[in-house]
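A.B. asks: Add chain B to chain A, keeping to what the hints say.
The lines below spell out each chain.
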Amino acid sequence: MTDTSQRRLASHPNKLPRPKGELEALEAAWELPKGWRILSAVNNTVIGYFYVGAAVLFFLLAGILALLMRLQLAVPSNTFLSAETYNQIFTMHGTVMMFLFAVPVVEAMGVLLLPQMLGARDLPFPRLSAFAFWAYFVGGLIFFGTLFFDLAPSGGWFMYPPLTGTQYSPGLGADFWLLGIGFIEISAIAGAIELIIGVLRTRAPGMTLDRMPMFAWTLLIFAGMIVFAFPAVILATMLLELERALGWPFFIPQKGGDALLWQHLFWFFGHPEVYIIFLPAAGMVSMIVPTMARTPLVGYRLIAVALIATGFFSFGLWVHHMFTTGIPALSLSFFSAASMAVALPSGIQVFSWIATIAAGRLRWSTPSLFVLGFLFIFTLGGLTGVMVAMVPFDWQAHDTYFVVAHFHYVLVGGMVFPLFAAFYYWAPAFSRRALSERLGKITFWLMFAGFNVAFFPMHISGLMGMPRRVYTYPAVMEWGVLNMISTIGAFLFAAGVLIFLVDVVRNLRPTVSQPIGNIWNGPSLEWMHNHVYGPRSVPLVESRDPLWDQPGLSEESKAGRHYLPGTVTGVRETMLTSPIEAIPEALLRLPGAGWTPILAAVLTAGFFMLLTVKATVPALLSGVLAVTAILIWMWESDPRPLARAEIGHGIKVPTYVSGPISHSWWAMVVLLLVAGALYLSYAFSYLYLWTVSPQVWPRPEQLPPIVWPLMSAALLAASSGFIFLISRVLPGGFRNNAAFVVLTALALIALVGGLGMEILAHWRAGLRPDADAHAAMVYMASFLQLDLVLALVVMAAFVIARRLAGLLNRRRRVVYDNLSLLWHYTVAQGLLGLLLVHGFPRLQ
Amino acid sequence: MKSQATLPVAATALACLAGCGPGVQSVMAPGGSQAGQIATLAWLLFGFGAVVLAIVIVALWLAIRGSPRLRTALARETMIIALGLVFPAVTLTLLLGYGVWLMQPDGDHDDRGVMRIEVVGEQWWWRVAYAGATPIASANEITIPVGRPVEFVLNAADVIHSFWVPSLGGKVDMIPGRTTRLRLTADRAGIYRGQCAEYCGGPHALMAFEVVALPPTEFDAWLAREAAPATAPSTDGERHGQTLFVAAGCGTCHAIRGTAASGTIGPDLTHIGSRRSVGVDTMKLTHANLVRFIAEGQHVKPGNRMPEFRIFRPDELDALAAYLSSLR
Numbered sequence: 001m002t003d004t005s006q007r008r009l010a011s012h013p014n015k016l017p018r019p020k021g022e023l024e025a026l027e028a029a030w031e032l033p034k035g036w037r038i039l040s041a042v043n044n045t046v047i048g049y050f051y052v053g054a055a056v057l058f059f060l061l062a063g064i065l066a067l068l069m070r071l072q073l074a075v076p077s078n079t080f081l082s083a084e085t086y087n088q089i090f091t092m093h094g095t096v097m098m099f100l101f102a103v104p105v106v107e108a109m110g111v112l113l114l115p116q117m118l119g120a121r122d123l124p125f126p127r128l129s130a131f132a133f134w135a136y137f138v139g140g141l142i143f144f145g146t147l148f149f150d151l152a153p154s155g156g157w158f159m160y161p162p163l164t165g166t167q168y169s170p171g172l173g174a175d176f177w178l179l180g181i182g183f184i185e186i187s188a189i190a191g192a193i194e195l196i197i198g199v200l201r202t203r204a205p206g207m208t209l210d211r212m213p214m215f216a217w218t219l220l221i222f223a224g225m226i227v228f229a230f231p232a233v234i235l236a237t238m239l240l241e242l243e244r245a246l247g248w249p250f251f252i253p254q255k256g257g258d259a260l261l262w263q264h265l266f267w268f269f270g271h272p273e274v275y276i277i278f279l280p281a282a283g284m285v286s287m288i289v290p291t292m293a294r295t296p297l298v299g300y301r302l303i304a305v306a307l308i309a310t311g312f313f314s315f316g317l318w319v320h321h322m323f324t325t326g327i328p329a330l331s332l333s334f335f336s337a338a339s340m341a342v343a344l345p346s347g348i349q350v351f352s353w354i355a356t357i358a359a360g361r362l363r364w365s366t367p368s369l370f371v372l373g374f375l376f377i378f379t380l381g382g383l384t385g386v387m388v389a390m391v392p393f394d395w396q397a398h399d400t401y402f403v404v405a406h407f408h409y410v411l412v413g414g415m416v417f418p419l420f421a422a423f424y425y426w427a428p429a430f431s432r433r434a435l436s437e438r439l440g441k442i443t444f445w446l447m448f449a450g451f452n453v454a455f456f457p458m459h460i461s462g463l464m465g466m467p468r469r470v471y472t473y474p475a476v477m478e479w480g481v482l483n484m485i486s487t488i489g490a491f492l493f494a495a496g497v498l499i500f501l502v503d504v505v506r507n508l509r510p511t512v513s514q515p516i517g518n519i520w521n522g523p524s525l526e527w528m529h530n531h532v533y534g535p536r537s538v539p540l541v542e543s544r545d546p547l548w549d550q551p552g553l554s555e556e557s558k559a560g561r562h563y564l565p566g567t568v569t570g571v572r573e574t575m576l577t578s579p580i581e582a583i584p585e586a587l588l589r590l591p592g593a594g595w596t597p598i599l600a601a602v603l604t605a606g607f608f609m610l611l612t613v614k615a616t617v618p619a620l621l622s623g624v625l626a627v628t629a630i631l632i633w634m635w636e637s638d639p640r641p642l643a644r645a646e647i648g649h650g651i652k653v654p655t656y657v658s659g660p661i662s663h664s665w666w667a668m669v670v671l672l673l674v675a676g677a678l679y680l681s682y683a684f685s686y687l688y689l690w691t692v693s694p695q696v697w698p699r700p701e702q703l704p705p706i707v708w709p710l711m712s713a714a715l716l717a718a719s720s721g722f723i724f725l726i727s728r729v730l731p732g733g734f735r736n737n738a739a740f741v742v743l744t745a746l747a748l749i750a751l752v753g754g755l756g757m758e759i760l761a762h763w764r765a766g767l768r769p770d771a772d773a774h775a776a777m778v779y780m781a782s783f784l785q786l787d788l789v790l791a792l793v794v795m796a797a798f799v800i801a802r803r804l805a806g807l808l809n810r811r812r813r814v815v816y817d818n819l820s821l822l823w824h825y826t827v828a829q830g831l832l833g834l835l836l837v838h839g840f841p842r843l844q
Numbered sequence: 001m002k003s004q005a006t007l008p009v010a011a012t013a014l015a016c017l018a019g020c021g022p023g024v025q026s027v028m029a030p031g032g033s034q035a036g037q038i039a040t041l042a043w044l045l046f047g048f049g050a051v052v053l054a055i056v057i058v059a060l061w062l063a064i065r066g067s068p069r070l071r072t073a074l075a076r077e078t079m080i081i082a083l084g085l086v087f088p089a090v091t092l093t094l095l096l097g098y099g100v101w102l103m104q105p106d107g108d109h110d111d112r113g114v115m116r117i118e119v120v121g122e123q124w125w126w127r128v129a130y131a132g133a134t135p136i137a138s139a140n141e142i143t144i145p146v147g148r149p150v151e152f153v154l155n156a157a158d159v160i161h162s163f164w165v166p167s168l169g170g171k172v173d174m175i176p177g178r179t180t181r182l183r184l185t186a187d188r189a190g191i192y193r194g195q196c197a198e199y200c201g202g203p204h205a206l207m208a209f210e211v212v213a214l215p216p217t218e219f220d221a222w223l224a225r226e227a228a229p230a231t232a233p234s235t236d237g238e239r240h241g242q243t244l245f246v247a248a249g250c251g252t253c254h255a256i257r258g259t260a261a262s263g264t265i266g267p268d269l270t271h272i273g274s275r276r277s278v279g280v281d282t283m284k285l286t287h288a289n290l291v292r293f294i295a296e297g298q299h300v301k302p303g304n305r306m307p308e309f310r311i312f313r314p315d316e317l318d319a320l321a322a323y324l325s326s327l328r
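Each protein sequence line maps, in turn, to chains A and B.
Numbering follows the working numbering, with no gaps: position 427 of the first sequence is 427.
Numbering follows the working numbering, with no gaps: position 86 of the second sequence is 86.
To be clear, the hints were calculated from the coordinates, so they are not data collected in a lab.
Heads up, none of these hints are tricks.
Taking beta-carbon pairs under 8 Å as the criterion, some of the chain A residues facing chain B (in silico):
1. Leu260
2. Leu344
3. Val391
4. Asp399
Covered stretches of chain A (chain B as the covering partner; in silico rule of three or more C-beta atoms under 8 Å from a C-beta of chain B):
5. 297-308
6. 326-333
7. 349-362
8. 380-386
9. 468-480
C-beta: ideal position from N, C-alpha, C; glycine also.
So here's chain A without its partners, still in its complex pose (with noise of 0.2 Å):
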């Protein structure tokens, strides 16, 4: 526990002058690689910059892709695209859009501004963060480019089965899909991790849940919302995979599988996905509303309420989009009432930044306009939401380009228009020069009649019976026309985005030291003075707007009078608080510039795509080195413990946490919650897929006998036991050391042995995965156990090498604690997983 209290914070810890060097060291400590070498940065701010780059390239290509789009549709039965191009081209559009830019771009703007926003120096995991990024970019390049191979996928960006199966979709395109998405999820959920950790754990002192940005409520949101929800289509992606490379058949019908097993996994994900978009571009909005209206934000407290309920609710409505599949009348009943439900909070939203504008005197410039574009372009989105949440004229609209107007206004009115707001906002902060208001407005207004005059009319075509994903359509229907006007307004909006880049080359200036700063006079602690490393010393906050209501902030924060003026240890460092009250706990010690994450994501993307395209030897190759970089990095991390460092005013905090209070147990316990949410969505998978073709599902006595997952599960239970001890043994000493591997090696013979002996259980009972949809689910028990099974082993040998080292003892025990936390979930999986298996069939 720590010593410090709420009282006992001062506002001012720190006397002026400061020691001499203490800047310099400071300074010396978050210094950046120079030249080329900047590719090895993990800071959040060069990390976020390149982020926010990569989203936005993402946005322009897949962008461009929409004219491409346009140009076909323009006239009725154009032969500008064959149809197996524009196929491509529109599977493109969606999966490009939504995964390489909508959920990245949102990430992007996080880990540029939250530490800034937080007062933190950087993002609680800097390297993973540089790989998540790494990850992603390289990866999305990867898929964008099969584009120009002619292997890009056609099955529209939620892949149905059965079309998306090999039957029917017998090229590489469906697995570049697959497997380029399914491994830029995993840069998602890093992302995730290093977000809820950074909200949660390392704001300024003082800076109460309360009272923290509401973008970092957004933010907080959004990270949680991807911890549940993306498990769900990356089990989706898997048993594709699997149905596609080795023919275990979950959604091939003849052999017990359905094919909308696929959609509920997938819109599980797919409905959270639209309002993990939304919230943090909701957040921002909250930022800029009160600064440019110059009063603080109305409905504070109501707003983060529907945030959590947006959050919530958003979980209970993925069967809207499948309202004409044939479910029965309940179900439709209960998510036609869900899908209105959720209106409620973002009508509390609009109403809350209305009544902000309504408190305070709205000035007119280009972040205003397009939250002022927002307001209009999504309240109509979210209207004709309304409609199509109504299962009658769903069942009309449902597929034609009603529901494509619909979830542009919404997409587009509700994220691209306030990230625009944002990039005018903020590009102060990060930049030498503000862009320009005049082209601003200009970009404005050709984005906003653009945007209209290309999706209004698409509500029309709709209604007149024109379905979507169509490459063409005969003359004699009369779309020509709205079709012409919408594809004039793309046009439109794009030359706004031109007009944006030309903004941005003649203006922007990325800095890390001397931005324009605050020339919108804005309340949150971005403003301040800040450096590649945050604020000179951290402030104690004493409000909701700090710079507004506590005078003098900035300067005496860049003199060094507030927490941690320079670097105590020497290196780069940030301080861990407490999650509800902020109070200091804790002085956390970050990583610098290195290699490894770049090189693990680089090698992490290779084996992802060799597979795809079956080279399967270089691509283990890949994967191998991949690994090899992950340990080294991992070699690297867990410094040792030093004496307690002082932040100011007396207070001193460790340097070093283990158990609940270290930032590393929290991220291996948010890990734990996606593999839980992983699983459980494999379990009701399982079920449901009983409840269609229960005529697959074994009797009894076509198991394998229940001896054998007794003895499964008895391994598996042994082998956390062996862990459990080994707690017992983390003193030091030559006698322990051999105890310690002694005991690792047995838990490890144990947990393999018990994943073994359930697959062999299986085979000798002549089960084969291929066989059926039973069986397939079967062995994807085993298969997700393996995964699993596979990291513990590496991670053992990981714990067993630090042991020998010297560097893993009762005190420096972190790398310990993680490996237990994983083991006892693994074990725990396992063991539901044979209750499932074994258990239930035995039921009837």
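C.D. replies: Chain B only, in chain A's frame:
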């Protein structure tokens, strides 16, 4: 002069209604009861949407430009709760109730008088069978009686398709391994166009069909003709066409009842001559278009499963087209 010209023009236009132009494919031009109810709901929803959008725009306008008293009122949390929570909660609950009420299928319990038609979605055509003592096989064009509920029993042979005739009602997906159902009733005679509404790869955009609604007596007559085997060819050209049809192996894929051709891989052609279109509603059924589809089908509908038959000479193509046109 003018009045003398309009009469022939009008007559031509009326005559054209039966044979020219596409069927109606619009949600807002209902020809059936289900579509009618949904169109009414649609208008209600548009009205609701317009009102709410107006409220938001006005509130925003007043927040920026309104009098200080008004702006103080708008700046209160009670306003946020009233307009952002209470008002939507009330209106959406009412809408939801209406929507749920509308969802109840009308006359579902009454199975008497319901006609059943089985439709199987294939890449990229429609396999149709009129249920009865002996099912009548057909393809790509569906004829139904006016005023009688028709239950479509839907399946898919390969990938997911969706059966949608907007002027008659909503759509229902056709999912391999499952059977779904859609009940539609045409209130007016006419031609209603439908289109596959679930992306099914390739030329999904060209997978359309027409539903012809006939008054009851005309329908009965039509059904009797459809049940009958194919008309025998009456001219030399037609007979030549029949010989070519058999010799070239067309019967392996296409069935013509009453002849040796009994393939079920492709659309049934027993009465193709009576349909309005060829190539799954890609082109109007004319002699020239039949020739075109046989010889260059891949250019008309790229990716469709019928290969191009360039082995025929022009006179042979003429004979084939004449034969097929005779199959009324």
